[in-house]
Every structure is written in C-alpha cells, then in structure tokens.
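S.K.: One line per chain: the protein sequences are Y, S, W and P, in this order.
Every letter in the first sequence is one number past the one before it in this note's numbering, and letter 41, counting from 1, is 41.
Every letter in the second sequence is one number past the one before it in this note's numbering, and letter 64, counting from 1, is 64.
Every letter in the third sequence is one number past the one before it in this note's numbering, and letter 85, counting from 1, is 85.
Every letter in the fourth sequence is one number past the one before it in this note's numbering, and letter 207, counting from 1, is 207.
In short, the hints are calculated from the structure, not lab data.
Fair warning: this is a prediction, and the values are worked out from it, not measured in the lab.
Keep in mind that the hints are not guaranteed to be accurate.
Listed below are the simulated DSSO-like cross-link pairs for lysine-lysine, each with C-alpha atoms no more than 30 angstroms apart in a straight line [what the hints assert, rightly or not]:
id	chain 1	residue 1	chain 2	residue 2
1	W	77	W	148
2	S	107	Y	166
3	P	118	S	132
4	S	107	Y	148
5	S	135	S	107
6	P	118	W	22
7	W	2	P	118
8	Y	166	W	135
9	Y	77	Y	133
10	P	132	Y	22
11	S	179	Y	179
12	W	118	P	179
13	Y	148	W	135
14	P	22	W	118
15	W	22	S	135
16	S	77	Y	166
17	P	179	S	179
18	W	179	Y	135
19	Y	118	Y	64
20	S	179	P	133
21	S	179	W	2
22	P	64	P	77
23	W	22	W	2
24	S	166	Y	148
Away from chain S, derived, C-beta distances all over 12 angstroms, residues of chain Y [to be verified]:
id	residue
25	2
26	133
27	142
28	148
29	151
Per label pair, the in silico range of CB-to-CB distance [to be verified]:
id	chain 1	residue 1	chain 2	residue 2	range
30	Y	74	S	133	54 to 60 angstroms
31	Y	2	W	129	56 to 62 angstroms
32	S	18	W	197	46 to 52 angstroms
33	Y	149	S	206	33 to 39 angstroms
34	Y	80	W	118	40 to 46 angstroms
35	S	111	W	23	45 to 51 angstroms
36	P	150	S	133	16 to 22 angstroms
37	S	51	W	50	47 to 53 angstroms
38	S	26	Y	80	27 to 33 angstroms
39	S	55	Y	184	55 to 61 angstroms
40	Y	184	W	130	35 to 41 angstroms
Where a beta carbon is used, it is the ideal one built from N, C-alpha and C, also for glycine.
Number of protein chains: 4
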Amino acid sequence: MKYGIIGASGRMGQEIARLFNKNGHQLVYRKDEKEVDASAEPEIMIDFSLASAFPETLSIIKEKSIPLIIGTTGLNKDNLTELHNLAAEVPVIQSFNFSIGINILSKLISQVNNYLDKSWDLEMTETHHRFKKDKPSGTALMLAELLKQPVEIHAKRLGSEFGEHKIEFASTGELISLKHRAYSREAFSRGVLLSAEAALELEPGFYSFQDILN
Amino acid sequence: MKYGIIGASGRMGQEIARLFNKNGHQLVYRKDEKEVDASAEPEIMIDFSLASAFPETLSIIKEKSIPLIIGTTGLNKDNLTELHNLAAEVPVIQSFNFSIGINILSKLISQVNNYLDKSWDLEMTETHHRFKKDKPSGTALMLAELLKQPVEIHAKRLGSEFGEHKIEFASTGELISLKHRAYSREAFSRGVLLSAEAALELEPGFYSFQDILN
Amino acid sequence: MKYGIIGASGRMGQEIARLFNKNGHQLVYRKDEKEVDASAEPEIMIDFSLASAFPETLSIIKEKSIPLIIGTTGLNKDNLTELHNLAAEVPVIQSFNFSIGINILSKLISQVNNYLDKSWDLEMTETHHRFKKDKPSGTALMLAELLKQPVEIHAKRLGSEFGEHKIEFASTGELISLKHRAYSREAFSRGVLLSAEAALELEPGFYSFQDILN
Amino acid sequence: MKYGIIGASGRMGQEIARLFNKNGHQLVYRKDEKEVDASAEPEIMIDFSLASAFPETLSIIKEKSIPLIIGTTGLNKDNLTELHNLAAEVPVIQSFNFSIGINILSKLISQVNNYLDKSWDLEMTETHHRFKKDKPSGTALMLAELLKQPVEIHAKRLGSEFGEHKIEFASTGELISLKHRAYSREAFSRGVLLSAEAALELEPGFYSFQDILN
Numbered sequence: 001m002k003y004g005i006i007g008a009s010g011r012m013g014q015e016i017a018r019l020f021n022k023n024g025h026q027l028v029y030r031k032d033e034k035e036v037d038a039s040a041e042p043e044i045m046i047d048f049s050l051a052s053a054f055p056e057t058l059s060i061i062k063e064k065s066i067p068l069i070i071g072t073t074g075l076n077k078d079n080l081t082e083l084h085n086l087a088a089e090v091p092v093i094q095s096f097n098f099s100i101g102i103n104i105l106s107k108l109i110s111q112v113n114n115y116l117d118k119s120w121d122l123e124m125t126e127t128h129h130r131f132k133k134d135k136p137s138g139t140a141l142m143l144a145e146l147l148k149q150p151v152e153i154h155a156k157r158l159g160s161e162f163g164e165h166k167i168e169f170a171s172t173g174e175l176i177s178l179k180h181r182a183y184s185r186e187a188f189s190r191g192v193l194l195s196a197e198a199a200l201e202l203e204p205g206f207y208s209f210q211d212i213l214n
Numbered sequence: 001m002k003y004g005i006i007g008a009s010g011r012m013g014q015e016i017a018r019l020f021n022k023n024g025h026q027l028v029y030r031k032d033e034k035e036v037d038a039s040a041e042p043e044i045m046i047d048f049s050l051a052s053a054f055p056e057t058l059s060i061i062k063e064k065s066i067p068l069i070i071g072t073t074g075l076n077k078d079n080l081t082e083l084h085n086l087a088a089e090v091p092v093i094q095s096f097n098f099s100i101g102i103n104i105l106s107k108l109i110s111q112v113n114n115y116l117d118k119s120w121d122l123e124m125t126e127t128h129h130r131f132k133k134d135k136p137s138g139t140a141l142m143l144a145e146l147l148k149q150p151v152e153i154h155a156k157r158l159g160s161e162f163g164e165h166k167i168e169f170a171s172t173g174e175l176i177s178l179k180h181r182a183y184s185r186e187a188f189s190r191g192v193l194l195s196a197e198a199a200l201e202l203e204p205g206f207y208s209f210q211d212i213l214n
Numbered sequence: 001m002k003y004g005i006i007g008a009s010g011r012m013g014q015e016i017a018r019l020f021n022k023n024g025h026q027l028v029y030r031k032d033e034k035e036v037d038a039s040a041e042p043e044i045m046i047d048f049s050l051a052s053a054f055p056e057t058l059s060i061i062k063e064k065s066i067p068l069i070i071g072t073t074g075l076n077k078d079n080l081t082e083l084h085n086l087a088a089e090v091p092v093i094q095s096f097n098f099s100i101g102i103n104i105l106s107k108l109i110s111q112v113n114n115y116l117d118k119s120w121d122l123e124m125t126e127t128h129h130r131f132k133k134d135k136p137s138g139t140a141l142m143l144a145e146l147l148k149q150p151v152e153i154h155a156k157r158l159g160s161e162f163g164e165h166k167i168e169f170a171s172t173g174e175l176i177s178l179k180h181r182a183y184s185r186e187a188f189s190r191g192v193l194l195s196a197e198a199a200l201e202l203e204p205g206f207y208s209f210q211d212i213l214n
Numbered sequence: 001m002k003y004g005i006i007g008a009s010g011r012m013g014q015e016i017a018r019l020f021n022k023n024g025h026q027l028v029y030r031k032d033e034k035e036v037d038a039s040a041e042p043e044i045m046i047d048f049s050l051a052s053a054f055p056e057t058l059s060i061i062k063e064k065s066i067p068l069i070i071g072t073t074g075l076n077k078d079n080l081t082e083l084h085n086l087a088a089e090v091p092v093i094q095s096f097n098f099s100i101g102i103n104i105l106s107k108l109i110s111q112v113n114n115y116l117d118k119s120w121d122l123e124m125t126e127t128h129h130r131f132k133k134d135k136p137s138g139t140a141l142m143l144a145e146l147l148k149q150p151v152e153i154h155a156k157r158l159g160s161e162f163g164e165h166k167i168e169f170a171s172t173g174e175l176i177s178l179k180h181r182a183y184s185r186e187a188f189s190r191g192v193l194l195s196a197e198a199a200l201e202l203e204p205g206f207y208s209f210q211d212i213l214n
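Throw the hints in and build the complete structure from the sequences for me.
M.R.: Given below as structure tokens:
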C-alpha cells in the first residue's frame, strides 16, 4: 500500500518506515512540523508526532479523506473528541500503545482479576533504560488501573533496557507472574502495521488498537 | 462441614486436613487402603489416593450418596467413564491439578493462542526439586497440549523447588512470559477447599475444576 | 556428635534438630527460657534464642567450656564484646545469617564492586512472604552496605515466598544479575551444621560464618 | 587516539567505530578483505574479521609494529601460536569474548565452584534470537567448562533476544543464580575500548581480556 507518515523523522516515524518498507509498502508522503514531502497520494496516514501538531493532522485527514492511525501521545480530552468527530468520515485507529504484547497483557490482567479476590497479594515492577524520564512509566500506570486494587509500582532504571513490565499475584499457596518485554520500537511498529493493513477494510468509525486485535 | 478423606495419610491427605481444619471443617471419615476410621457421616468425600483403590471409592460414594472431589492421578479411560456414570447420582468434581493458578494459566495460554500466529517463537520451562521422577512434569505436558504448535520443554531439577512452569512467546519486537510457581501443596489444597465448598450447592453431574473456577 | 540447643522450641531450633538428627547427631540438651532438659553433656552448643537470654548463654558456655555456635539476632555491641571475651576460652562462631548462599553472594558482590565503576546502574530487590515485618529485610540492608554506592531497595511482599534477594548491575551494553533464594529454614540450618562440624576441630577464638566458609 | 579496524564493515567493526568515535578517537585505517582505506598511521589496530584473513593481519602488525586487539573468532591452535610469537614484539590482547560482564561472570563462577561441592544441583540456560545458528552458544560452552561438573545447557531461541546466559546452583536449602544479559554489541565494544586504552601503556606480551580487567 501507499502510506504517509506525520512525524516521519522521529524515532517512531523512522522505525515505521523501516518495517513498512520491509513489508513491501511505499512511503509516498512525509511531514515533519511544517515540511511536507509528497510523491503520490497515500491510501492511509500514520501520525506519531506531537500533540501540538494535532490540528494540522485533522485538516490533512479531512482534506484527503483517508484512514488515520494515530499513536501521538499527550492528546487531551478535546483532541479525542475531535478524533471521534473525524471518525464519522473515515476509519480512525487511536492508541497510546500499539504493542501487541502490552494489549494482550491488558486482557490477561482483566482475566486474572475475575478469578482472584482481595486475599491475593499484588506487586508490579517496571524496568527501563537509565534515560527514561517518566517514573513510573505511563504503561505501568495504565496497567495498574486495570487491577481491582491499588498496587505499588517498583520502578527500576537499568542500562539500556528498552522496557519491561511485570505483574505478580500471590496467595499463600502459589504465585502467578505475567511479564512483557519490548526488545525495541518494533514492538510498536508491528502493531501499527497490523492496524494499517486492517484500516483499508474498515468502515468509518473510531477504533482502539484493542478493537483491531480482536 | 463434615468431610471425609480417602488417602488421609498421604501428603495431599494431610495437607487437605490441615487447611480444612484451619477453615473450621471437621474430618469425620479417614480411609487409607483397607483401614477406615469414621466418627460420623461425612457430607462430602475427598479422594487423593491411588488408582488401584478407585473401585473401593466408587462403592463408598454409591453407598453414601454424597458429593465426591477426586484428585487421584493415574486414572484411566475406564475409570473416567465410571466417574461419569456415578455423576448421574451425585456431584463429581474431578481434576488432575487442583491448583487455581495452573488452571488460570491454562485459560491465559488459550487466550494468547488466539491472538498470536505461527510467526511467534515458543519456549516452555519447568523447574522441580531434585527428587521429581517425571521429566518433563505431567503439568508441563498438559500445558503444552494447549498450545497450537509443538514446543520444546526445558526441564530443570534444582534443590527443593516445589514446582514452577513458564511459557514464553516472542516476536522480533517483543516477549510475553506467563509463569506459575506453587509454594507448597497448599496450591492444590486451596483448590480442593474451593471445590468442596461449591460441591454442597451443586446438582448431580460431572464437573472439572475449571468448571468450578468459572 | 552430642549437641545442645538454646531456643530448642523456636522455629530455627526445631529445624536445626531436624537436620542434625537426620545427619546422625544426638540432641542431648534443650533449653527454652528457664526450662532445661538434659540427658547428657553436649560436645557443642547452638544458640538461636532471644538477645534477652544472652547472659544465661554466656554462663552456660563458661561452665561447660564447649564450642558455641550462635545465630541469635538482636545482639548489641556489648554482647559482641562479651562473645569476644568468651572466645579466649572456647571456639565461638557468630553470624546473623548462617545461609551459605547469602555469604557467597556477599563475596560475589564485593568481587563485582572491584571491577565496576560509578557509571554502572544499581538496583536491589527483595521478596518475602506477606507476614514479614521488616521492610526492607535485614539481609537486604546488610547486602546494600557491601556496595560502593547507595542503592534503592525494592521490597515485595508476596504470598509464602520464604526469601529472595537480587542485585542487578547494568551499563549501557549489558546487565549482570546476582540472585539468592532460600527455600526454607534449611538454608540456615545447613550453615549451622557446617559450623558445628567445623567447631570440634577449632582452637579457641572468635569466628564469623564467613571464616568457616573459607 | 588514532586507531584502525580490520573488518571495519562488519557488525562489530561498525559498532566499534561508533563507540570509539563517540569517545573522541579517530578511525584512520579501515580494511575489509583486500580493500584498505588509510588516512594516517594508526596507534593501535583492532581486528574483528574472519579467521581466513588472519595471515594478512599478522603481516600488517609486523610491518606497523603497533598493539593489536583481536576478537576474531574461529582462530585455531596454530593461529594462537603465531599470536604468541607476535606478542614478543608488540602488545597483543586476544579474546573470543570482550564483554566485561561475561568475563566477570566467569570469575564469579570459579568463585562459587570453590565453595560448593558435588551435592549442589547445576543448571545452565542460554537465550538468543531466533536466527542464531550455534546451539548451544559458544559462550555457554565456555562457561560450562569453568564448572567442576558436567551441566545440561538449556538453549532457548526467542525473538530478538541479543544474548542471555544464566547459571543456577541449588542445594535442598537454597538457590544461587548468576545471570548475564548483553543488550547489544555495545557489551563487546566497551571491552574493546577498555583494551585499546590499556594497550597504549602495555609492554610487548600476550594478554587475555581477563588480564586487562584485573
């Protein structure tokens, strides 16, 4: 497919281009802040840029009337409302985390929650590289909200660890441990690829990445 | 409740008595091979004995007409058929593994299976104490059957490890790891307790421990 | 050998008796608070009681003039001085942690310290059962002191975990992880056995468990 | 310093150039098979090429009379003898594994060996990415040789795992686990950097990377 990236020079933009090109797709539209480089009309648009550039993304999609896959973080309530409005016209797939593994982990946590009661102990640990600013990670906070009870989040900062999240549930008899580790940004670009390939078949509407996975 | 144990002197029998008594229940019937010690009529019967004693268990249950929770391993196809016949008269709860955690793990594996395709790598590791005869463990073989693809089972024998099973799924972008560790036989006796407490409310029928958990 | 235990009814006392008897030694002297039960003269004395009973231990050893292996926690500076004085007369082996594994781990940490500089990240995690009062554990604090730099100690309380300590060192290129897990009090009783068997051959003097291991 | 790389276009060659340049050193000599690109005389030479190119490396070093750091794998007994001969003239640092972590792990394993006897169980696990051909890894085989007893090596192939090695020692009371994970080739280039910086101060002689670490 012919695709476009808003935020093409960012780390996610570069990784997405790498994976998509490897899978035979063609990057025909690139946008970084005000600079646009277009060689043809894209069939879908991917946005991994900054929340500040969001209004421009809205205009572009309204004009091109193509599916949008957006992973830009920092979108606020109003932005999400605007995305829902846009979704009346085109398929919009929005997520703050396009990793297949983290999304599966979220489902597993909800499952485990149903079986266990308050008598089970709960611990969460997240490990990231030494330069990560958020502590604890946004993903850890998101996973913590899925649990029925408050949980302490142990945050470790070690070397070049790309990102690991672990949740442990324990009774006096046994322990269940669910863990996810992302090796690289490919954990996310693969989810974007899955979404892009699905988008071409979707009716207009607002979809989360979880919806695409199901 | 008043309960009875067939195989009362075995390790599981003793652990079940410990946990049940701690929870306020009374052991009124004990059987070990030919020796019976009964002080009152039990409301339910628990069997963690040997497959060779199975015919006697059938007679006892038919006579007493009470629910049966049976965890005896080594039952063959005919035994299971006889249990199904018995289940026409009383509730029968049968499992080869009464650990809540292992049963949850089984459900999670089936879930993960649905989301992932053959491109994901699969590894399973089981760790047990140095005296464990089965290699790999029966539980590992049971979990392996739940996976859509053949998997290599790495079996480690270390010290006094009671029992740990881990399944890892990996793509080029990320890794998902599901692990269960039993601290002691309490991992199983808690599942038996759950089943016994449920059994008093059940209609005659054959139930697996998975059914009780749901 | 014929041996005696001060604190014989405590959990460590019972575990020590179990392991020593399994190894062919005879328990000929038992003391719990004021109650003494002696059937013969012990060749060595083991003390795993309370710091409040320490003065009585001193008297008993002075009177019997036999080696003392003491693991009683909570001894203060004065108590240790008194032990050093006692050591002029008999061999005294004193430690707050008789686990062979933790003592080896301590040596390994010191080794790793020599090779790595301040540019390496450091994280420590300790996991114990839900009833453990100290947080973080005394052992974690002791291990932390061996490191050249301050380290954050992540303390997890999960089910029936007997005791696990993990130290991770990471540079931007790699990670080294050292971990110890005690399955049960046998981790400590084995170190006491090693010390007791060594004590019979020692000259009067004050020995740490580390000295015995070397 | 001004440095040269034989095998400059290989993955290790590129990583070494990246790290060395980041640390202010200048790449003045590049060789790939028959192609040489030299802008100045190097002060030291690094070789991460193929065993088949080894004779040319020998000639180059003899001619330039500069220190050699060589990590080329697949060198045979004769090659190593020739290196020892060369070491009469210049400092030669040779290793099959320039990771600081793996070398420390080797020392730790030897340490643990001294304290433990044959009653301890031993297990080794190595995990690498799905494309790794050697099974088990060369590093695992090297670490296995350091242990006093034969050990089973469990080899896992998962996704994009760069390289992890774990050794577990267990008695009936406790478990000790030593683990190393390389995040990337930087685990090795850092060891090469350490060696190169040391080489400028060394007398002619044959040095292993372990010697440099001490």
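S.K.: It remains to establish, for every hint, whether it holds in the given structure.
M.R.: Structure-based check of each hint:
1. Of the pairs offered as hints, the one joining residue 77 (chain W) and residue 148 (chain W) holds, with about 25 angstroms between alpha carbons and a cut-off of 30 angstroms not exceeded.
2. The hinted pair formed by residue 107 (chain S) and residue 166 (chain Y) meets the criterion: a straight-line CA distance of about 19 angstroms does not exceed 30 angstroms.
3. Taken as a hint, the residue 118 (chain P) and residue 132 (chain S) pair is honoured in the structure, with Cα atoms around 19 angstroms apart against an allowance of 30 angstroms.
4. Between the alpha carbons of residue 107 (chain S) and residue 148 (chain Y) the distance comes to roughly 19 angstroms, so the proposed pair stays at or under 30 angstroms and holds.
5. Between residue 135 (chain S) and residue 107 (chain S), the direct Cα distance comes to roughly 24 angstroms. Compliance with the 30 angstroms bound is thereby established for this hinted pair.
6. Proximity of residue 118 (chain P) to residue 22 (chain W) is assessed by CA-CA distance (about 19 angstroms); at most 30 angstroms being required, the pair is judged to hold.
7. Between residue 2 (chain W) and residue 118 (chain P) the CA atoms are separated by roughly 27 angstroms; this keeps the pair inside 30 angstroms, and the hint holds.
8. The suggested pairing of residue 166 (chain Y) with residue 135 (chain W) holds, with an alpha-carbon distance near 21 angstroms, which does not exceed 30 angstroms.
9. Proximity of residue 77 (chain Y) to residue 133 (chain Y) is assessed by CA-CA distance (about 23 angstroms); at most 30 angstroms being required, the pair is judged to hold.
10. A C-alpha spacing of about 21 angstroms is found between residue 132 (chain P) and residue 22 (chain Y), which places the hinted pair at or below 30 angstroms, so the restraint holds.
11. About 8 angstroms separates the Cα atoms of residue 179 (chain S) and residue 179 (chain Y), which keeps this hinted pair within 30 angstroms; it holds.
12. Annotation: proposed proximity of residue 118 (chain W) to residue 179 (chain P) holds, straight-line Cα distance about 21 angstroms (limit 30 angstroms).
13. With a C-alpha separation of about 24 angstroms, the suggested pair residue 148 (chain Y) and residue 135 (chain W) falls inside the 30 angstroms cut-off, and the hint holds.
14. The hinted pair formed by residue 22 (chain P) and residue 118 (chain W) meets the criterion: a straight-line CA distance of about 19 angstroms does not exceed 30 angstroms.
15. Of the pairs offered as hints, the one joining residue 22 (chain W) and residue 135 (chain S) holds, with about 28 angstroms between alpha carbons and a cut-off of 30 angstroms not exceeded.
16. Between residue 77 (chain S) and residue 166 (chain Y), the direct Cα distance comes to roughly 40 angstroms. Violation of the 30 angstroms bound is thereby established for this hinted pair.
17. With a C-alpha separation of about 19 angstroms, the suggested pair residue 179 (chain P) and residue 179 (chain S) falls inside the 30 angstroms cut-off, and the hint holds.
18. For the hint linking residue 179 (chain W) to residue 135 (chain Y), the alpha-carbon distance of about 25 angstroms falls within 30 angstroms, and the restraint holds.
19. A hinted pair counts as satisfied when its Cα atoms are at most 30 angstroms apart, and residue 118 (chain Y) with residue 64 (chain Y) does not qualify at roughly 51 angstroms.
20. With a C-alpha separation of about 28 angstroms, the suggested pairing of residue 179 (chain S) with residue 133 (chain P) holds against the 30 angstroms cut-off.
21. Taking the CA atoms of residue 179 (chain S) and residue 2 (chain W), the gap is about 45 angstroms. The hint is violated against a cut of 30 angstroms.
22. The hinted pair formed by residue 64 (chain P) and residue 77 (chain P) meets the criterion: a straight-line CA distance of about 24 angstroms does not exceed 30 angstroms.
23. As the CA atoms of residue 22 (chain W) and residue 2 (chain W) are separated by approximately 13 angstroms, the hinted pair is consistent with the 30 angstroms bound.
24. At most 30 angstroms may separate the alpha-carbon atoms for a hinted pair to count; residue 166 (chain S) and residue 148 (chain Y) meet this at roughly 25 angstroms.
25. Residue placement check: residue 2 (chain Y) keeps its beta carbon more than 12 angstroms from all beta carbons of chain S (closest about 24 angstroms).
26. No beta-carbon of chain S comes within 12 angstroms of the beta-carbon of residue 133 (chain Y); the shortest separation is about 22 angstroms.
27. Once the 12 angstroms rule is applied to beta carbons, residue 142 (chain Y) is consistent with being away from chain S; the minimum gap is 16 angstroms.
28. With a closest Cβ-Cβ approach of about 15 angstroms to chain S, residue 148 (chain Y) is found to remain outside the 12 angstroms limit, as its non-interface label requires.
29. No Cβ of chain S comes within 12 angstroms of the Cβ of residue 151 (chain Y); the nearest lies about 18 angstroms off, and the non-interface call holds.
30. For residue 74 (chain Y) paired with residue 133 (chain S), a C-beta distance near 57 angstroms keeps the hint of 54 to 60 angstroms intact.
31. Separated by about 59 angstroms at the C-beta atoms, residue 2 (chain Y) and residue 129 (chain W) satisfy the suggested range of 56 to 62 angstroms.
32. Checked against the hint of 46 to 52 angstroms, the pair residue 18 (chain S) and residue 197 (chain W) fails, with Cβ atoms roughly 34 angstroms apart.
33. For residue 149 (chain Y) and residue 206 (chain S), the hinted distance range of 33 to 39 angstroms is satisfied, since their beta carbons lie about 35 angstroms from each other.
34. In this structure the supplied range 40 to 46 angstroms holds for residue 80 (chain Y) paired with residue 118 (chain W), their Cβ-Cβ distance being about 44 angstroms.
35. A hinted range of 45 to 51 angstroms for the beta carbons of residue 111 (chain S) and residue 23 (chain W) is consistent with their spacing of about 49 angstroms.
36. For residue 150 (chain P) and residue 133 (chain S), the hinted distance range of 16 to 22 angstroms is satisfied, since their beta carbons lie about 21 angstroms from each other.
37. A beta carbon spacing of about 50 angstroms between residue 51 (chain S) and residue 50 (chain W) agrees with the range 47 to 53 angstroms that was offered as a hint.
38. Between residue 26 (chain S) and residue 80 (chain Y), the C-beta spacing of about 59 angstroms breaks the proposed range 27 to 33 angstroms.
39. Separation of residue 55 (chain S) from residue 184 (chain Y) is about 60 angstroms and conforms to the stated range, judged on CB atoms against 55 to 61 angstroms.
40. With their beta carbons about 37 angstroms apart, residue 184 (chain Y) and residue 130 (chain W) fall inside the hinted range of 35 to 41 angstroms.
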